[in-house]
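Those protein sequence lines, which keep their order, are chains A and B. Be aware that the first sequence starts at 141, since it is given in the working numbering, and climbs by one per residue. Be aware that the second sequence starts at 9, since it is given in the working numbering, and climbs by one per residue.
I should point out that these hints are in silico values taken from the structure, not numbers from a laboratory. A portion of the hints provided could be inaccurate.
Listed below are several chain B residues computed to face chain A (Cβ distance under 10 Å; list not exhaustive) [stated by the list, open to error]: (1) L95; (2) Q96; (3) C106; (4) L131; (5) S160; (6) L161; (7) T164; (8) T166; (9) S210; (10) H211; (11) G233; (12) T245; (13) N251.
Quick list of the computed label-pair ranges, beta carbon to beta carbon [stated by the list, open to error]: (14) A/R315 to B/R89: 27 to 35 Å; (15) A/D189 to B/D74: 25 to 33 Å; (16) B/D235 to A/G206: 30 to 38 Å; (17) A/L338 to B/T224: 52 to 60 Å.
This structure is a prediction, so every number in the text was calculated from the model and none was measured. All C-beta atoms in this analysis are idealised placements derived from N, C-alpha and C, irrespective of residue type, glycine included.
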Amino acid sequence: MSDLEAAVAAGVLGADEAHRALLQATVEVARAIFGAKAASVFLLDEEADELVFEAVSGEGEGELIGMRFPADTGIAGWVLTTRQPLIVDDLSADTRWSRSQAESTGYVPKSMMSVPLLVDERALGVLSVLDRPTESKLRLAEVDLLGLFANQAAIALDLLQRARRARAALAGEGRLAPLARVAARLEEDERDTALELLTALDRLLAATS
Amino acid sequence: MSDAAIELHEHEEEEDLPAWSLPAEAVDRIRVPVTLPDQVTREWAWGGSTGAGVRVCILDSGIELDHPLVGHVDHSVAVLRDEEGELQVVEDGEGDLCGHGTACAGVVRSLAPDVELTSVRVLGAGYKGGGETMLHGLGWAIEQGFPVVNMSLSTTRTKYVERLHELADRAYFKRVLLVASAHNMPVESFPWRFASVISVGSHEETDGLTFYYNPTPPVEFFGRGLDLDVAWLGGGTLRCTGNSFATPHIAGICALILGKHPDLTPFQLKSVLYQTASNAKGAP
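Extracted from the complex, chain B is given alone in its bound form (with noise of 0.2 Å):
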């Protein structure tokens, strides 16, 4: 099926339909913007894409500004507690703290030249709160309807798994992305394990789109995390290995698909990146 017969539809207005039926006046008014060829090719995926007009969300220590790895940052902002100690999203002019963000930054712009980042600094302020500042952070990133939200982070603590899930599932139905770093230790850590994320471990090749679909999770793809140059802090880099640069690939692939086809919802979007994984048949 050629691109001519890909569906595309304008957005609609959002209509109060019933969420638990479907009348017969109401079918026409639930058209899926976006049908999926039959084969669905990484060609179709997002050949020609540079994520032109695709807001990622890098949600880490912040992002180094002017870093030539990275280019322009659109907004920063940070999650502080403010003087009665309540949390905040407020402007943010510190850069990096760490040198992570940046790293992160810089893969996502490498695979998609052409995004819109915007850093949300939950990380660096110490390792104290960082659970709460986290879930803020995602909360607010989620509200701002970011379509890709990069999260080289989990949490061990499991007071917060169901407010986490919460947010999973409302991004999930918000058609926010997010794309999650898997632990590779031996322990239980959040969000990467629930299914309405994009969880992502490493492999050990060393082409950046080279990704690999996992048909027994809870680690569903892997992507480039082994030995690569990452950008880091005072316009340098660093040869890094780790989940956390991993995640960030598969997040600008996600971009690059999106650029191409903005109407995917997160389902749909998760079905591209198997038929083009690299052990699927839509892969070159």
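Next up, chain A with everything else stripped away, as it sits in the complex (with noise of 0.2 Å):
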């Protein structure tokens, strides 16, 4: 998709803040539904090739946000770097992850359950459900479950995703920031002709191309 695709998607859809409730309540229900102390979603930061807690619901609700580590450690990284669920019963037993999750989060969950979160053919990032009640035996149709829940989340953090690309090409040294402080300065009437001048510019392209 083009930045002007995008931003223009994005303003169809709704701001940033609103796809962000959009995965925050992804994690509530999903933490509501397994009955889990905690949900939340990473997502993929490609260039510093770290995993960020983007939406939390639960047990490090409103601390978490933001927080980084590697993404390719840990349960999460394992779950992105294979692209497959995995559900985890006794973490504490794994010494050396509990450890560096308790120094960077303060919450060491017994278990997790995590899949990763994929549109088309990319892994955006991945959704864990913590903790669920000890006494509910795990079966087979809640991996299916979170499967689909996990799908939702996707789709969820790629608006987020778009919308964040689109904000950054309309603003500062944005690749269409010029458009969008014209546009910004422009009287509404003024608008108007501007848009005409752009749709015969366009169609002036068009035919030389």
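If you follow the hints, you should be able to join the two separate chains into one complex; please do so.
Structural data, given as structure tokens:
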């Protein structure tokens, strides 16, 4: 998708905040369905090669957003790498993992269900559900349900990323920033004239290409 | 039919046969090394086998050395990029970077205690370039002729599908059995969707030798994948669930069968698996 198309899509579909709310709602429902202590979504930051807490419900809510850790470590890192779901029921047994997790978040879950967030061929991040009730025996149907949920979270995450890209393109040094600045300066009636000019330019380019 | 009635022939040297026709005088040269009995039972298939003599390749994140549930690892290599950026298979002393390969190796070992394990590390060095690394590692494993390759991983990238398909077919004809995890999510991924591999999903039972044949693929077999204690980093175990762990159960059973019948082709082996599945008549 081009920056301009993304910008238009973002304009039509709503602001960054609305997408974040959608993602937050997704983790809250995931947590409620599984009766878990917490649920979270990590976004993959490809440039930094890190996973970032993007939405958290339950334990750590409000403190963990924005926290980062290397993308190839831990359970979430493994899920992202293999693109396969993984359910672990005694995380405390993995001392290396628990220690690093405790140091970074102050919360060591006992169990964790993690699934990759996949859109088309891309892995955008990881959805995790932490500490299901210990008395409930895990069934494979729950794993399937989590997979379906991951689909929904992946779509929300994809929208959020598109909106951010669009905003970046329109702001500061972004490729479409001059266009946005010109549009902002113009009075309402001048915008119609500017749009006519752009439409004429588009026709001219189409005719010459 | 008793075991004695089973014809076993030494592997003959490969001769160039026309691939597209069979002259009358050539019929003797394509005698089938193993013929299956009228009733294939688990006793016939792997009774008394420990997997001895069978080389099993774990294509994964590496295997932790000296893990008590894994034991001896015969050979460890890693697929890495050299200074020119070319992928190379090099000797590996890193062990396992995330625990997953160790878990798979431990499952195989639990069923087939005497197999020879080789680790090919294609994961754990970051998520980037994973597809190319996996393909390179798989190509190497096929060239090495491992009778069983465990692949508890897959790729969603369609650009790799054609090459992966070619590799899976090459493996099938070279008697390299690819045992691959199915995705338990509504996504397209490979190679488990190919008919030339053994694809594995999970069932909910607790016996490692319980497995099912699925007459309505793409997933052809279900192995134990729910709530099992698997080997993990630091010599310990973790209680895990996932198709990743069902896959080495089937790989282990394949190793047991090949330990007793090393000349089975992948085609025959898949038939034996079907006939000894828990929902088929060859199971106890």
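Quick rundown of the hints versus the structure:
Proximity of B/L95 to chain A is violated relative to the hint, the smallest CB-CB distance being about 17 Å (cut-off 10 Å). For the restraint placing B/Q96 at the interface with chain A, the shortest Cβ-Cβ distance is roughly 20 Å, beyond the 10 Å limit, so the hint is violated. Interface restraint check for B/C106: the shortest CB-CB distance to chain A comes to about 5 Å, inside 10 Å, so the restraint holds. For B/L131, the shortest C-beta to C-beta distance to chain A is roughly 5 Å, which falls under 10 Å, so the interface hint holds.
A distance limit of 10 Å between C-beta atoms decides the matter here; for B/S160 the minimum to chain A is near 7 Å, and the interface restraint holds. The criterion of a C-beta within 10 Å of any C-beta in chain A is met by B/L161, whose closest approach is roughly 5 Å, and the hint holds. Evaluation of the B/T164 hint against chain A yields a held restraint, the C-beta minimum of about 5 Å falling below 10 Å. Annotation: B/T166 was flagged as interfacial toward chain A, and the flag holds, the nearest CB pair being 6 Å apart, inside 10 Å.
Taken as an interface hint, B/S210 checks out: its beta carbon lies about 6 Å from the nearest beta carbon of chain A, inside 10 Å. Given hint, B/H211 at the interface with chain A, holds; its Cβ is 8 Å from that chain's nearest Cβ, closer than 10 Å. Here the hint on B/G233 is kept, as its CB sits about 8 Å from the closest CB of chain A, short of 10 Å. Below 10 Å, beta-carbon pairs count as interface contacts, and B/T245 has one with chain A at about 7 Å; its hint therefore holds.
Interface restraint check: B/N251 against chain A, minimum CB-CB distance 7 Å, threshold 10 Å, status holds. For A/R315 and B/R89, the Cβ-Cβ distance of about 32 Å falls inside the hinted range of 27 to 35 Å, so the restraint holds. The supplied range of 25 to 33 Å is met by A/D189 and B/D74, whose beta-carbon atoms lie about 30 Å from each other. For B/D235 paired with A/G206, a C-beta distance near 34 Å keeps the hint of 30 to 38 Å intact.
Look at A/L338 against B/T224: about 55 Å separates their beta carbons, and that is inside 52 to 60 Å.
In the structure shown, a violation is registered for the earlier hints numbered 1, 2, in ascending order.
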